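Per numbering that gives the first Met the number 0, residue 0 is the first one in the sequence shown, and the count goes up by one each step.
Misleading hints may appear alongside valid ones.
[As the list claims (entries may be wrong)] Beta-carbon label-pair distances, calculated as ranges: (1) 11 - 61: 24 to 30 Å; (2) 57 - 6: 37 to 43 Å; (3) 38 - 12: 38 to 44 Å; (4) 23 - 47: 25 to 31 Å; (5) 23 - 45: 29 to 35 Å; (6) 16 - 63: 37 to 43 Å; (7) 64 - 13: 26 to 32 Å; (8) 4 - 47: 27 to 33 Å; (9) 63 - 22: 28 to 34 Å; (10) 57 - 82: 26 to 32 Å; (11) 81 - 54: 46 to 52 Å; (12) 40 - 4: 50 to 56 Å; (13) 33 - 79: 30 to 36 Å.
The hints are simulated quantities; they were obtained by calculation from the structure and are not laboratory data.
The structure presented is a predicted model; accordingly, all values stated were derived computationally and were not measured.
Backbone N, C-alpha and C fix where the C-beta goes; we use that ideal spot for every residue, glycine too.
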Amino acid sequence: MTSLQASTQAQLRQFIEQIERLEEEKKAIGSDIKDKFAEAKAIGFDVKAMRKIIQLRKKSQDERQEEEGILEVYMHALGMLIDPPEEAAVNAFMEAAE
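Required output: the full structure, derived from the provided sequences and hints.
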């Protein structure tokens with residue numbers, strides 16, 4: 000097995016230590032987020048809806064419309080919607096399929 004030069008070993012150790020610190024920060028931030036959701040739930044907000052809104056806010060309006068259109072087409076195909084999907088939804092589905 001080949002050993003690493005001292006400078007390479009030091010560089011590797013530095014990367015590992017930095018990643019470990021970042022992992023600890025990520026864990027702390029995750030805990031803070033969990034606490035914030037618990038606080039919101041305690042005063043009556045629907046956490047599931049909040050998570051969905053956060054997920055949607057990460058997407059562009061075009062991405063959201065395309066996703067909603069495809070969902071509408073699928074729901075109609077499964078009998079979950081009575082009205083046929085809007086033409087825009089069908090077009091979004093066809094574009095996504097290409």
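Verification of the supplied hints:
no. : hint                : in the structure
1   : 11 - 61: 24 to 30 Å : violated (43 Å)
2   : 57 - 6: 37 to 43 Å  : holds (41 Å)
3   : 38 - 12: 38 to 44 Å : holds (39 Å)
4   : 23 - 47: 25 to 31 Å : holds (29 Å)
5   : 23 - 45: 29 to 35 Å : holds (31 Å)
6   : 16 - 63: 37 to 43 Å : holds (40 Å)
7   : 64 - 13: 26 to 32 Å : violated (46 Å)
8   : 4 - 47: 27 to 33 Å  : violated (53 Å)
9   : 63 - 22: 28 to 34 Å : holds (32 Å)
10  : 57 - 82: 26 to 32 Å : holds (29 Å)
11  : 81 - 54: 46 to 52 Å : violated (27 Å)
12  : 40 - 4: 50 to 56 Å  : holds (54 Å)
13  : 33 - 79: 30 to 36 Å : holds (33 Å)
Hints 1, 7, 8, 11 from the list above are not met by this structure, while the remaining hints are.
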